[in-house]
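Enquirer: Once you have looked at the hints, place chain D on chain F.
Just so you know, the protein sequences line up as chains F and D, in that order. Take 644 as the starting number for the first sequence in the numbering used here and just add one per residue. Take 3 as the starting number for the second sequence in the numbering used here and just add one per residue.
Among the hints, erroneous ones may be present.
In silico DSSO-like links for lysine-lysine, alpha-carbon gap of 30 Å or less [unchecked claim]: (1) D:157 x D:143; (2) D:242 x F:708; (3) F:708 x D:464.
Just some of the chain D residues that point at chain F, by a computed CB distance under 10 Å [what the hints assert, rightly or not]: (4) 89; (5) 123; (6) 207; (7) 423; (8) 439; (9) 440; (10) 455.
Across the chosen pairs, the derived CB separations fall in these ranges [to be verified]: (11) F:719 x D:445: 37 to 45 Å; (12) F:686 x D:64: 38 to 46 Å; (13) D:414 x F:763: 38 to 46 Å; (14) F:777 x D:368: 43 to 51 Å; (15) F:751 x D:405: 46 to 54 Å.
Keep in mind the hints are simulated off the structure, nothing from the lab. We put the CB at the ideal spot given by N, CA and C, even for glycine.
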Amino acid sequence: MRRNVTAYGFLCGALICFAFFSWYPMIWEVVLSFQQTNFVDPPVWVGLENFVTVFEDAAFGPAWKNTVMFTVLALVFGYGVPFVVALVLNELRHARAYLRFVVYLPVMLPPAVGVLLFQWFYEPEYGLFNQVLGFFHLPALDWLNSTDTALISLVVVSTWMNLGTGTLIYLAALQTIPGELYEAAELDGAGILKRIWHVTIPQTKLILLVMLLLQIVATMQVFIEPFLLTGGGPENSTVSVVYLMYQYAFNFGNINGGNALGVMLMIVLMVFSAIYLRVSREDKS
Amino acid sequence: MTRSGYRRTMGLLLATALGLTAAACGSEEKPAGNESKPTAQGSAAGPVSITVNCMPPKTNKAQRATFEEDLAAFQQLNPNIKVEKATDAFPCYEPRTFEAKLAGGQLETVFYVNFPNVGRLMESGQAADITPYVGELKTFKDYNASIEIFKKDGKIYGLPTDGYGMGLVYNREVFTKAGLDPNNPPKTWADVQAAAKKIAALGPGYVGFGEYSGNNVGGWHFTASLYGRGGDVITPDGKKAAFNTPEGKAVLENLRQMRWADNSMGSKLYIDWPALMKAMAGGKMGMMVGAPDVLIGLRNDFQAKFENYAVTSLPEAKALFNGGAGYMINPKATPEQIRAGLKWIEYEFLTPGKGQLDYVRAKGANLTVGQPYPDLYGADTPSGQEVLKLRAENANVDPGQFALWVEGSKGIPAKAEPGPYAQEIYAILDTPMSAVLTRQDADIDKLLADAEAKVNALLEQKG
Chain F
644 MRRNVTAYGF LCGALICFAF FSWYPMIWEV VLSFQQTNFV DPPVWVGLEN FVTVFEDAAF
704 GPAWKNTVMF TVLALVFGYG VPFVVALVLN ELRHARAYLR FVVYLPVMLP PAVGVLLFQW
764 FYEPEYGLFN QVLGFFHLPA LDWLNSTDTA LISLVVVSTW MNLGTGTLIY LAALQTIPGE
824 LYEAAELDGA GILKRIWHVT IPQTKLILLV MLLLQIVATM QVFIEPFLLT GGGPENSTVS
884 VVYLMYQYAF NFGNINGGNA LGVMLMIVLM VFSAIYLRVS REDKS
Chain D
3 MTRSGYRRTM GLLLATALGL TAAACGSEEK PAGNESKPTA QGSAAGPVSI TVNCMPPKTN
63 KAQRATFEED LAAFQQLNPN IKVEKATDAF PCYEPRTFEA KLAGGQLETV FYVNFPNVGR
123 LMESGQAADI TPYVGELKTF KDYNASIEIF KKDGKIYGLP TDGYGMGLVY NREVFTKAGL
183 DPNNPPKTWA DVQAAAKKIA ALGPGYVGFG EYSGNNVGGW HFTASLYGRG GDVITPDGKK
243 AAFNTPEGKA VLENLRQMRW ADNSMGSKLY IDWPALMKAM AGGKMGMMVG APDVLIGLRN
303 DFQAKFENYA VTSLPEAKAL FNGGAGYMIN PKATPEQIRA GLKWIEYEFL TPGKGQLDYV
363 RAKGANLTVG QPYPDLYGAD TPSGQEVLKL RAENANVDPG QFALWVEGSK GIPAKAEPGP
423 YAQEIYAILD TPMSAVLTRQ DADIDKLLAD AEAKVNALLE QKG
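Same shape as in the complex, but just chain D:
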């Protein structure tokens, strides 16, 4: 009795320890993901092995087939490079296992990362410096501003392979039902408010405008809306909070009006990314802040009626929050592995007409072609023009669903995540977001002042 009871208690005690210290169970250092002998820096002579991740899962047969085809073609083209292993774990970037894999020597040589985590990985030295090698990439010079996300102190730590600016996703069918013109979606936040009111008036279950409020996604969307209004989350030097401004207040005041004065946001809280996507896919929600990839996500992952959805530019946008993802290289990789890894990224994601930019093949495989992303290259660069041409020639989705976003977003500068501590800041900003959506009497000035003090304390502590 005593001993078994003791074990039970210890089991409870240790549950947290197990999870948190899995990372400590690492193995000894070795080159990332292979057993090959590195040659001298700068040499590309000897054979080199690498591992890659983010292979599409078996359930996504068409995309997996293209990926496997590319792996074979890439190795044929580069006989000195062997892709030893391609992992298909989903999601491609998993913060819960990242450090454990890194510590245990299991992190792939080439690993996927979404933009919100890039700053932190650079800050903590968990990605290799690829600056000396990027000159070897043919399309590198054509990158648009999205490459800036992977730069720190003049060095480059990764390559974006997917990028898009935020916009306003809306349901055309719901718009029509509410007597709104789906070809003329809201252009100002006042328009959004008016449209949301009409949609909510359609009856029970209809939500005019949906927004996040927890698990850091509330802060993420506050940031997107704030950027759109011309505001900033932190000062350019990254030392202070910068959102307690008229723009920040406007974001929250607008939400409060819609939630409480108009009752056009429903009463359900959307506390994580899939929650709002599910609601949008349900067909009774009118609008949400989102990038063009939301439409493809609604189609592929949430079984929404794709043709009902469209995306337009963010109302009154002065800057566009830059969402997306890219690839970084394992910091334990040898110079040869870095070179080989970059070659793979270039082949698979950055070469117009090849890999994932092979739109002829994608169309034949019934994958969506025509969505305006990845938006990687400057529009006037050779790579940018070629991608646009290939995409237009092979489009199998209605470009009209994205046209207003493309047109309305032209010339609006992209803006990156608010520094390496973006997730901590988002967690703090969840509070004002959840407050205005749950309390009619929420004091916006006080909420922003409190959040500002917390962010300032955080940034001061981080130095």
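Bound-form chain F, shown alone:
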């Protein structure tokens, strides 16, 4: 009985925290998205007006397009690169701990510091990247200053900042694969690529799928990179949905419009979350 009381106590604590810090704000977000309020007079229910307002905003289309593009590109780089790095680290016999530390190092930097570091790297005249290109007699790029390269530049920053976490998760999954499977594959004459294709990927399929869904959910909320590096520019080429949400809530003074955008994004992310939950259940079964 005493054990149960303790357990219920912990459960209540967790439930209260979730209710207060997660569910309550979430419900209020939905409520506010259907209201017009100045926090002085009683709020007025306005139906879908806030949704119409943000839908008609000239930046609405570009924000969604950029967010989807960012997510796709972040998957191409941010999903594949950590897996490859984890594979390499898993194969290494020497300096593995040291390299693991080096790979994880960027995660330890506060995100804002990491982003500002890249601001220097991308500096058009004296930045590291153009210096390197110059060393190889390659033409300098405009990086953040061009509508062609700004978004991909943000993807590079995001990939670099999140590489360590992804790599460690993949590495943990790789280390659970029984060595006998590789030995059997080797005896059957499988080379490294075949071993990856026939052993590694099937054995880590579920974690790969879970990571894919989590990454979609995380990257669709991209904010700090455009906020600090580009201000949504040039020419709206890096405005993301969350950045636009921030603009509505804090720069345009339209918190209800910001909430409407938040609800839209939440609905999209809920689809991916539902898939994630299903995959997780399958994993457990």
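Expert: Quick look at chain D alone, frame taken from chain F:
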């Protein structure tokens, strides 16, 4: 595994919700910032408590000391008024917390606001109507046009305490190095272009002219330059965009020439306010559009070599964008609190020889005196004359650094932000600004036409 994974996903999902709905976690309504019992409207008998903000931070020891001294003196002078709390959060106006504080009953009775946000606060009813009380302020009748910023539909919602028109800030040392006369800065935009070219020719790292292009500050500076050329951002009735004109084109064409034909603007984009200030303070940038307060900002916040900088009037200026800040009163304040709050504003910011206009004390505390702002009163009014006299007598910065701005700006009308949706409009105008600074082939006509359509749609939607 499943449960922890679920929590992680929910955590990600809720991150935005948390930020945006913090404002919803408000408490019940109560008078702004105090527990006192309000008396009947019009009565000033009972004790009243108020809260104020924008106390200088602890790092700014000298200014904080003067503020604290003023708080004590004000309460001694008004024994019925108690300033319960003075907050020193910086920046003084923080849009990210404003509504949360208002909803939660935590917004100060007297709160600071910079001009770009005044229109929106009036439009949304988030500031108290102070019209019935302003007659009690001794210096109110002396205000210059800056008070217009706080008026809407014949009512007054706040008091400006700082104001200045835009000009052209330049680095005298860089001018000298480039063979330009620092005592004879550019008077036309053609002069600016020619000077910028010479400065950029000094070598790597030198930028002739710096300009903003993102985070709404690009649109803000487009507006300042457009006003200077005699243009307008919206029509007088506020219903349509008005910048797709020869003046608007001239602003962008001038930038394009400097950026691409002359290569005198460098290739770095300045997407927020500190970015350009830092570059200017770095000592290799020649010019930027800015008000006299930029010089003090460069000195105090960006450690620039103050004596190297000067400000002159905006080239060919037909109107001056009116920058500045002021104070408004919490819309939940009682009439007694409004009166007490206005008394505080008057004492601290509007009385020549008192509070922040006590130039004798400021000089003694080694604070800068002599810069031509705040520019609050008409030059021929008693308050205006007294402020000018006190300022001149106690100046400890070289008035020469501001003289060309003072002289050149005389008689040029001030012009306010383009309506209550200025920030939304600035966000739209960021696009043409960033386009001409990043694309050599930017089609200015198309950029302005697109921006015009977007602003028209915005204004139509807002009704």
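Enquirer: Confirm or reject each hint.
Expert: For each hint, the structure was consulted:
1. The suggested pairing of residue 157 of chain D with residue 143 of chain D holds, with an alpha-carbon distance near 15 Å, which does not exceed 30 Å.
2. Of the pairs offered as hints, the one joining residue 242 of chain D and residue 708 of chain F holds, with about 28 Å between alpha carbons and a cut-off of 30 Å not exceeded.
3. Distance check on the hinted pair: residue 708 of chain F and residue 464 of chain D sit about 25 Å apart at the alpha-carbon level, within 30 Å; holds.
4. With a least beta-carbon distance of about 18 Å to chain F, the hint placing residue 89 of chain D at the interface is violated under the 10 Å criterion.
5. With its C-beta approaching chain F no nearer than about 8 Å, residue 123 of chain D sits inside the 10 Å limit, and its interface hint holds.
6. With a least beta-carbon distance of about 8 Å to chain F, the hint placing residue 207 of chain D at the interface is held under the 10 Å criterion.
7. Checking residue 423 of chain D against chain F by beta carbon gives a least distance of about 8 Å; that is within 10 Å, so the hint holds.
8. Here the hint on residue 439 of chain D is kept, as its CB sits about 8 Å from the closest CB of chain F, short of 10 Å.
9. For residue 440 of chain D, the interface hint holds, the least distance from its beta-carbon to any beta-carbon of chain F being 4 Å, beneath 10 Å.
10. This hint holds: residue 455 of chain D has a C-beta 8 Å from the nearest C-beta of chain F, less than the 10 Å allowed.
11. The hinted window of 37 to 45 Å between residue 719 of chain F and residue 445 of chain D is violated, with their beta carbons roughly 32 Å apart.
12. The hinted window of 38 to 46 Å between residue 686 of chain F and residue 64 of chain D holds, with their beta carbons roughly 45 Å apart.
13. A hinted range of 38 to 46 Å for the beta carbons of residue 414 of chain D and residue 763 of chain F is consistent with their spacing of about 40 Å.
14. Look at residue 777 of chain F against residue 368 of chain D: about 47 Å separates their beta carbons, and that is inside 43 to 51 Å.
15. Distance hint check for residue 751 of chain F and residue 405 of chain D: the Cβ-Cβ separation is about 52 Å, which falls inside the suggested range of 46 to 54 Å.
Hints 4 and 11, counting from the list given before, are not met by this structure.
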